[in-house]
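Peer 1: If you're matching them up, the sequences are chains A and B in order.
Take the first sequence: its position 67, counting from 1, is numbered 67 in my numbering, and each next residue is one higher.
Take the second sequence: its position 98, counting from 1, is numbered 1098 in my numbering, and each next residue is one higher.
Think of the hints as simulated: they come from the structure by calculation, not from any bench.
Mixed in with the good hints there might be a few duds.
[Stated by the list, open to error] Not the full set, but computed from the structure, chain B residues with beta-carbon under 8 Å of chain A:
#1 1125
#2 1206
#3 1225
#4 1227
#5 1230
#6 1235
#7 1237
#8 1251
#9 1256
#10 1258
#11 1259
#12 1265
#13 1270
[To be verified] No more than 30 Å apart at the CA atoms, straight line, and that leaves these computed lysine-lysine pairs for DSSO-like:
#14 A:129 with B:1268
#15 A:247 with B:1236
#16 B:1253 with A:129
#17 B:1063 with B:1109
#18 B:1179 with B:1335
#19 A:72 with B:1179
#20 B:1253 with B:1239
#21 B:1247 with B:1265
#22 A:109 with A:63
#23 B:1109 with B:1057
#24 B:1109 with A:179
#25 A:179 with B:1072
#26 A:109 with A:70
#27 B:1070 with A:179
#28 A:63 with B:1335
#29 A:243 with A:253
#30 A:129 with B:1239
#31 A:265 with B:1247
Small disclaimer: the values here were computed from a predicted structure and weren't measured.
Even for Gly, the Cβ is constructed at its ideal location relative to N, Cα and C.
Protein chains: 2
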Amino acid sequence: MGGDHGVDAVIPGAYLASRERPDLRFCFFGNEELILPALAKFPALRDISSIHHAPLKISSTDKPSQAVRKSKDTSMRLAIEAVESGNAHGVVSGGNTGALMALSKMILKCLPGVDRPAIATVFPAIHSKTVVLDLGANLECDVPMLIQFAVLGSVYSRLVMGHTRPTVGLLNVGSEDQKGHEELRQASAILAQLDFSGAYKGFVEGDDMTNGTVDVVVTDGFTGNVALKTAEGVGKLSKFYLKETFKTSFMAKLGALFAIGALRKMQKVLDPRLYNGGMFLGLNGICVKSHGGMDEIGFANAIGVAYDLAKSRFNDKVTEQLAHLDMPKLVSASKDQDNKNNVA
Amino acid sequence: MGGDHGVDAVIPGAYLASRERPDLRFCFFGNEELILPALAKFPALRDISSIHHAPLKISSTDKPSQAVRKSKDTSMRLAIEAVESGNAHGVVSGGNTGALMALSKMILKCLPGVDRPAIATVFPAIHSKTVVLDLGANLECDVPMLIQFAVLGSVYSRLVMGHTRPTVGLLNVGSEDQKGHEELRQASAILAQLDFSGAYKGFVEGDDMTNGTVDVVVTDGFTGNVALKTAEGVGKLSKFYLKETFKTSFMAKLGALFAIGALRKMQKVLDPRLYNGGMFLGLNGICVKSHGGMDEIGFANAIGVAYDLAKSRFNDKVTEQLAHLDMPKLVSASKDQDNKNNVA
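So here's chain A without its partners, still in its complex pose:
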């Protein structure tokens, strides 16, 4: 029911996603009267789908706390409960992000060893792609959370993006050890010693997300959200200037005509729909948020993200990785070291 286009993005998106992944099956939660006619257009999809009528829906303007209180019988809640009960491997929603996070935390709970889930996505980079988290679930992050996010991001990079030993960086304002907040310095010291699924490379800066310096960039949700929105803004600005440029003269228009094929190809590579799918990592169940403004192609991509997480048994691997980390011990050892350094 969620997003700007509701069933008109979700149902065709599911169809697109299923064509590339023949083992996909769908449970649609929402208003039957809207789902049935939309689904009728895709007989092949109808055959692999079940419909679960939900009389209510959460509005995009509800605050998370309000949404949770009045969530009974809403499509979002029923869909998340399907994951909790094992009837679905994952949930994808284009609805209210805050409500989806609050409800999925409440219903699915966190994986053992994870204090709080993080929102992650993939940034396009020069010659590569970078997983970035947290993008806004937790405005402030303590040391254990940053370490857990490094594990979540590196397991994702390994399982889904195929990096055998993904490189990990902590987002900071400089690469020197003494830079940044105390939490960052402590998390950095711990990660440098830690045996985990990634190879820790130290602090990275804002441009490293698109330079491809590391495979995974870890940050708190406040900084990550500002970085994500800033990147979107500059992307939009570049596109605006490029369009304006090709309008400036007759020669430029002619040039655009010749280059139109290549320009379309570039637009395709940078198409925000291909980067759609905010993963809620760290929950005991797969949950992916599709951007509210996305059409069927964007929604299909978000379904693909959920599919990859489920198929790769991401949550099992994270649980394994975190089981052998003694977080309280790591943090207290690092604090002792920090105190010694300060005394010295």
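With chain A's structure known, arrange chain B on it following the hints.
Peer 2: Chain B only, in chain A's frame:
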């Protein structure tokens, strides 16, 4: 002496800047043996310049605290002292940013009513430009600092960019009142009531810096630095993809040939050299940092930024604006309000 190109950027940069501003005069601080031959190439510049030999220089790798300790007789320190003694209206340096900030804070001190200086720059935006501060001088900012930065940014926007009543936003992860850290919410509540040089528009997000939503964006130095570097990274990525695009096919290469004039014009509008000049606002003296990698065109722009600040009597206007703000009263009134809201 600073920056990657030393006198080879500074001297030709000064020449370029002077051609557009006939009332500019220069004092060059550094190694006379390097300055004299560089200056000999520009007789017109030599006539409006004085040379002040400095036997030492601060290295780009010195930590700020080290740099301060061994700053005696360095070109950077002597140049800042020239501003302090009134022998220069402002200082422009391509050297070590941390050292420049530490030394200028120590020597110039803050303007009355300013707790800490901020680094500000101008972002290109769709149909406009946006002043953003702090970009890294203060990793954490309290409520009075954020308010002072709003005043600094809006006075700059008014005097130098010509906005009669510049619009101001606080960078956050959403535009709703209840979003973000407590400091942000409190600063927002105060700015909404405050009579100052700008018109406060509430919270803005990362993409608003390039959307041109407001004329001034205020943030803490950690977030601002990450946003600046992220924007630089995405700009670089866009340029990379555009170049690759025009290499993909014969038709695309042909198109690029036709459009080359327009593409060059676009590159000019987005030329990072035109946005060069990190202003250290809030100091009792003009201080501008030129990016270390800049050539003469970039350095000339940084000189222009310092010129504009001096010429517009920026510091006098800021002092006037801040003189009538009773900061402790504002903050305690806002805290009372916050407590009342929490009780309610």
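Peer 1: Look at each hint and say if it fits the structure.
Peer 2: Hint check results:
1. 1125: holds (7 Å)
2. 1206: holds (3 Å)
3. 1225: Where the cut-off is 8 Å and the nearest Cβ of chain A is about 4 Å from residue 1225 of chain B, the hint holds.
4. 1227: Constraint on residue 1227 of chain B satisfied, holds at 5 Å.
5. 1230: holds (4 Å)
6. 1235: holds (6 Å)
7. 1237: Holds, because the Cβ-Cβ distance from residue 1237 of chain B to chain A comes to roughly 4 Å (cut-off 8 Å).
8. 1251: holds (5 Å)
9. 1256: holds (6 Å)
10. 1258: Holds - the Cβ of residue 1258 of chain B comes within 8 Å of chain A, reaching about 3 Å at its closest.
11. 1259: Since chain A brings a Cβ to about 3 Å from residue 1259 of chain B, closer than 8 Å, the hint holds.
12. 1265: holds (7 Å)
13. 1270: Result: holds, 6 Å to nearest chain A Cβ.
14. A:129 with B:1268: holds (29 Å)
15. A:247 with B:1236: Holds - the C-alpha atoms of residue 1236 of chain B and residue 247 of chain A are around 23 Å apart, at most 30 Å.
16. B:1253 with A:129: holds (27 Å)
17. B:1063 with B:1109: holds (20 Å)
18. B:1179 with B:1335: This hinted pair holds, its Cα atoms lying about 17 Å apart.
19. A:72 with B:1179: Roughly 26 Å between the alpha carbons, so the hint for residue 72 of chain A and residue 1179 of chain B holds.
20. B:1253 with B:1239: holds (16 Å)
21. B:1247 with B:1265: holds (20 Å)
22. A:109 with A:63: holds (20 Å)
23. B:1109 with B:1057: holds (22 Å)
24. B:1109 with A:179: holds (24 Å)
25. A:179 with B:1072: holds (26 Å)
26. A:109 with A:70: holds (19 Å)
27. B:1070 with A:179: Judged against 30 Å, a Cα distance of about 21 Å means the pair holds.
28. A:63 with B:1335: Holds, at roughly 24 Å.
29. A:243 with A:253: Answer holds: residue 243 of chain A to residue 253 of chain A is near 10 Å, not above 30 Å.
30. A:129 with B:1239: holds (17 Å)
31. A:265 with B:1247: Roughly 12 Å separates the two Cα atoms, so the pair holds.
The structure agrees with every numbered hint stated previously.
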